[in-house]
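Chains as they are written, first to last, in the numbering used here: chain C, 1 to 114; chain S, 1 to 114.
Think of the hints as simulated: they come from the structure by calculation, not from any bench. Owing to the predicted nature of the structure, the values given are computational and were not obtained by experimental measurement. By construction, the Cβ of each residue, glycine as well, lies at the ideal position given by its N, Cα and C atoms. Be careful, since some hints might not be right.
[Stated by the list, open to error] Here are the simulated distance ranges between beta carbons:
no. : chain 1 : residue 1 : chain 2 : residue 2 : range
1   : S       : Lys-57    : C       : Lys-64    : 36 to 42 angstroms
2   : C       : Met-45    : S       : Ser-28    : 46 to 52 angstroms
3   : C       : Lys-64    : S       : Ser-28    : 26 to 32 angstroms
4   : S       : Asp-17    : C       : Lys-55    : 45 to 51 angstroms
5   : S       : Ala-70    : C       : Pro-102   : 44 to 50 angstroms
6   : S       : Glu-56    : C       : Arg-110   : 36 to 42 angstroms
7   : C       : Ser-15    : S       : Gly-41    : 41 to 47 angstroms
8   : C       : Tyr-100   : S       : Lys-58    : 20 to 26 angstroms
9   : C       : Gly-53    : S       : Gly-1     : 26 to 32 angstroms
10  : S       : Gly-1     : C       : His-85    : 35 to 41 angstroms
[Claimed, not checked] DSSO-like mimics (lysine-lysine), calculated; alpha carbons at most 30 angstroms apart, straight line:
no. : chain 1 : residue 1 : chain 2 : residue 2
11  : C       : Lys-64    : S       : Lys-101
12  : S       : Lys-37    : C       : Lys-41
13  : S       : Lys-101   : C       : Lys-55
14  : S       : Lys-57    : C       : Lys-41
15  : S       : Lys-42    : C       : Lys-55
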Amino acid sequence: GAVVSQHPSWVICKSGTSVKIECRSLDFQATTMFWYRQFPKQSLMLMATSNEGSKATYEQGVEKDKFLINHASLTLSTLTVTSAHPEDSSFYICSARVIYSPLHFGNGTRLTVT
Amino acid sequence: GENVEQHPSTLSVQEGDSAVIKCTYSDSASNYFPWYKQELGKRPQLIIDIRSNVGEKKDQRIAVTLNKTAKHFSLHITETQPEDSAVYFCAASIGGGATNKLIFGTGTLLAVQP
Chain C
1 GAVVSQHPSW VICKSGTSVK IECRSLDFQA TTMFWYRQFP KQSLMLMATS NEGSKATYEQ
61 GVEKDKFLIN HASLTLSTLT VTSAHPEDSS FYICSARVIY SPLHFGNGTR LTVT
Chain S
1 GENVEQHPST LSVQEGDSAV IKCTYSDSAS NYFPWYKQEL GKRPQLIIDI RSNVGEKKDQ
61 RIAVTLNKTA KHFSLHITET QPEDSAVYFC AASIGGGATN KLIFGTGTLL AVQP
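Make the full structure from the sequences, and use the hints.
Quick look at the structure:
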């Protein structure tokens, strides 16, 4: 149980384009979803917290207009990287949980912006 | 802001030896402390967690201890095996209720030498 699916697993896009990443909880309804970013050999950096039906809460230093998060239902959250640039290249991982339960991660998306 | 410090950053042990990874947290209100194992290119997997009302928890070869007064917690792996080689992240909960989120440590690369 507690499976989180993330799509796509990897994506290459040109500078200036936008990329959408989907995160789905397959066998449970997630009260909250989180988006993390991970640089090579570094830790997981929390970008934003997303609750169904409400606006995402962004961490300090994360541009909300750059990283658009939509949490349309209890099983789906999307992250759109707008006007992507090479410095946005990274490993993006979503996670989901039911309140007071452990956090479960998606398989991650490796974004490369050329 | 809130942060979680993790040591050491790298740890090399011989197969069969024990490994200990230590973390400290800054938010005295933190009440949930999970440990994740991440293999190269894969998602973090929860291996054990502990809540603040418990001082120690054990699951086969893995144990976690928590010292709330000192605000630190540790992961202990006994009888290490080559398949234990991975990056391990500690985390601490920040905030309460629906806003509860996890802040991760910087990670420890564990290498178990056969």
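Hint by hint, here is what the structure shows:
Between Lys-57 (chain S) and Lys-64 (chain C) the Cβ separation comes to about 38 angstroms, which falls inside the hinted range of 36 to 42 angstroms. The given range of 46 to 52 angstroms is broken by Met-45 (chain C) and Ser-28 (chain S), whose C-beta atoms sit roughly 23 angstroms from each other. Separation of Lys-64 (chain C) from Ser-28 (chain S) is about 29 angstroms and conforms to the stated range, judged on CB atoms against 26 to 32 angstroms. Remark: the range hint 45 to 51 angstroms for Asp-17 (chain S) to Lys-55 (chain C) is upheld by a beta-carbon distance near 49 angstroms.
For Ala-70 (chain S) and Pro-102 (chain C), the Cβ-Cβ distance of about 24 angstroms falls outside the hinted range of 44 to 50 angstroms, so the restraint is violated. The supplied range of 36 to 42 angstroms is met by Glu-56 (chain S) and Arg-110 (chain C), whose beta-carbon atoms lie about 37 angstroms from each other. A hinted range of 41 to 47 angstroms is violated for the C-beta pair Ser-15 (chain C) and Gly-41 (chain S), which are about 24 angstroms apart. Remark: the range hint 20 to 26 angstroms for Tyr-100 (chain C) to Lys-58 (chain S) is upheld by a beta-carbon distance near 22 angstroms.
Between Gly-53 (chain C) and Gly-1 (chain S) the C-beta distance comes to about 27 angstroms, which sits within the given range of 26 to 32 angstroms. For the pair Gly-1 (chain S) and His-85 (chain C), the beta carbons lie near 26 angstroms from each other, so the given range of 35 to 41 angstroms is not met. The suggested pairing of Lys-64 (chain C) with Lys-101 (chain S) holds, with an alpha-carbon distance near 18 angstroms, which does not exceed 30 angstroms. A distance of roughly 13 angstroms separates the Cα atoms of Lys-37 (chain S) and Lys-41 (chain C); the hinted pair therefore holds under the 30 angstroms criterion.
Between Lys-101 (chain S) and Lys-55 (chain C), the direct Cα distance comes to roughly 16 angstroms. Compliance with the 30 angstroms bound is thereby established for this hinted pair. Of the pairs offered as hints, the one joining Lys-57 (chain S) and Lys-41 (chain C) holds, with about 28 angstroms between alpha carbons and a cut-off of 30 angstroms not exceeded. The straight-line distance between the Cα atoms of Lys-42 (chain S) and Lys-55 (chain C) is roughly 29 angstroms, inside the 30 angstroms bound, and the hint therefore holds.
Consistency with the previously given hints fails for numbers 2, 5, 7 and 10, ordered from lowest to highest.
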